[in-house]
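Peer 1: Below, each chain spelled out in residue letters.
Protein chains: 4
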Amino acid sequence: MDTRKKIRIGVIGGSRPQKKFLHSAFEIGKLVAGRGAILVCGGLGGVMEEAARGAKQAGGLTIGILPGNNPGDANSYIDIPIATGLGYTRNSLVAMNADVLIAIDGEFGTLSEIAYGRIYGKKVIGLGTWNIEGVVPAASPEEAVDLAFR
Amino acid sequence: MDTRKKIRIGVIGGSRPQKKFLHSAFEIGKLVAGRGAILVCGGLGGVMEEAARGAKQAGGLTIGILPGNNPGDANSYIDIPIATGLGYTRNSLVAMNADVLIAIDGEFGTLSEIAYGRIYGKKVIGLGTWNIEGVVPAASPEEAVDLAFR
Amino acid sequence: MDTRKKIRIGVIGGSRPQKKFLHSAFEIGKLVAGRGAILVCGGLGGVMEEAARGAKQAGGLTIGILPGNNPGDANSYIDIPIATGLGYTRNSLVAMNADVLIAIDGEFGTLSEIAYGRIYGKKVIGLGTWNIEGVVPAASPEEAVDLAFR
Amino acid sequence: MDTRKKIRIGVIGGSRPQKKFLHSAFEIGKLVAGRGAILVCGGLGGVMEEAARGAKQAGGLTIGILPGNNPGDANSYIDIPIATGLGYTRNSLVAMNADVLIAIDGEFGTLSEIAYGRIYGKKVIGLGTWNIEGVVPAASPEEAVDLAFR
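Protein chains in written order, with our numbering: chain A, 2 to 151; chain B, 2 to 151; chain C, 2 to 151; chain D, 2 to 151.
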């Protein structure tokens, strides 16, 4: 399988996004896996679940880094659930375990992951998310994934 | 001493801020302690050290929540150093242990603390920091502290 | 107050110990504070609460490092509650923030704190606790505290 | 691949064990993977590396939960490295992410993982490790794995 050589792309975003962003998350997950990357996310619902569902549809591998202490809490599209028991503090670990991050919509949890992405020196692409320094804006799922692989 | 009844104000900001913000941090620390609050910060240099120095000059109590695993790493104005060994992930704990946060200048570390402040439902005041939703802007140290106690 | 120069003694033990150990915890807390040290503990009930109650009766300062994310969860004898949101994983931080540990009774939570104490190179004294390599046994609260200050 | 249905067996032990335990770790890794389980470990050297090497030789999947913040720190037999940046505090997460633990040799780090295993209600099998309550002793790698799957 040689999972160690694959790029890991983190898709971050909230569990209750606007509907159009659920579709974006699915598309991004599908494109990420289609191009051979591993999907890393927070393992729960909303953007995390749709991105993982997209990645599985394209035959990819998905890692979910969970806030709780039960790996079984992960959504059903996560292949490798990692329990942390750290609550929201796990957001740092999501950013740490991706090579690049794509932020979709999102509120303050997503903002903390964007901040950690930048602290750890990772490129952060944004789709309809926080419009701040350090986030490279994308206009579509396709552009977001293109920028992530560039 | 009855430290449990006192408000805890978190002062967040980087270790290498612009010089004018060091002075602001000192003033804010002094005002916070002068009004009877406990100062919480990240325990290291820059904004954290100047805020603690100000608080000590006003006779206050200071708590420093450190990234490393040695309490002795704290700057010399910290009364209660708390080692975490969590690295940058400790930023979540700084926000968790304050009732209100005042952000001064700052880069992505400060942004992560702002985000965690909002995740945990804390009011976040900003002085020359990230101009984003969820941060109440202040124009001076005095206004920042007034807003924090309001 | 000069809290930075004081020794910090961690008292570890469960929240539902045998009754005689509650009395030992109280005595140890009183002796620790009487000799000028700061008491560090997990901040909750049982051994943690009795040790803090003893320390406060002797006029000492108490720090409680909590598993939850609300400083208000600490027992009422804790001066400085520190919320971590880490759950049981916070046991590592209790050991990290003490210069010496005294373990009283206790089950697997206490065992994890003993282990972390030794990982971090701290002396661990035991009273009616795990009888293992690395724990210096004491026969009474007085002897435990004597050994801790030696 | 259906990794979610597979049992996860954590193999814990130090990075510098006695030599005979390196061989045991390799055998246990091979047996664990041969019986269809996923291997979880701390991702570094010694027992962790030999167990992962054994698991890979039997065609298994390996997860390494690392203390540092760089997934690339994992030994070369780890398929899924998870960086935590938590230092020794990550030991709690190793225990949390296994259904059963097998402890081999080991010092205080291993003891902390045994303790967390029991805190989280996991069965802990021991081979030449801490002889304490809560650890089911095994006399050989084969017996350790048999007990783990029982």
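For the record, the hints were derived by calculation from the structure and aren't laboratory data. There could be a bad hint or two in this list.
Given that identical chains are not distinguished, each listed pair holds provided it fits within a single copy or across any two copies.
Subject to a maximum C-alpha distance of 27 Å in a straight line, what follows is the list of computed DSSO-like cross-link-like pairs (lysine-lysine) [as the list claims (entries may be wrong)]:
{"hint": "1", "residue 1": "Lys57", "residue 2": "Lys6"}
{"hint": "2", "residue 1": "Lys20", "residue 2": "Lys6"}
{"hint": "3", "residue 1": "Lys21", "residue 2": "Lys6"}
{"hint": "4", "residue 1": "Lys20", "residue 2": "Lys7"}
{"hint": "5", "residue 1": "Lys57", "residue 2": "Lys124"}
Peer 1: Since the copies are identical, ignore which copy is meant and state whether Lys20 and Lys6 lie within 27 Å (CA to CA) inside a copy, between copies, both or neither.
Peer 2: Answer is neither; intra-copy 34 Å and inter-copy 31 Å both fail.
Peer 1: When no copy is named, should Lys57 and Lys6 be tagged within, between, both, or neither for a Cα gap of at most 27 Å?
Peer 2: both (19 Å within a copy, 16 Å between copies)
Peer 1: Which holds for Lys21 with Lys6 at a C-alpha limit of 27 Å: within a copy, between copies, both or neither?
Peer 2: neither (33 Å within a copy, 32 Å between copies)
Peer 1: Classify it for me, Lys20 with Lys7: is the Cα-Cα distance of at most 27 Å met within a copy, between copies, both or neither?
Peer 2: neither (30 Å within a copy, 34 Å between copies)
Peer 1: Indicate which option fits the pair Lys57, Lys124 if close means a Cα-Cα distance not exceeding 27 Å: within, between, both or neither.
Peer 2: Classified as within; 24 Å inside a copy, 32 Å across copies.
In this structure, the hints that do not hold are numbers 2, 3 and 4, in rising order.
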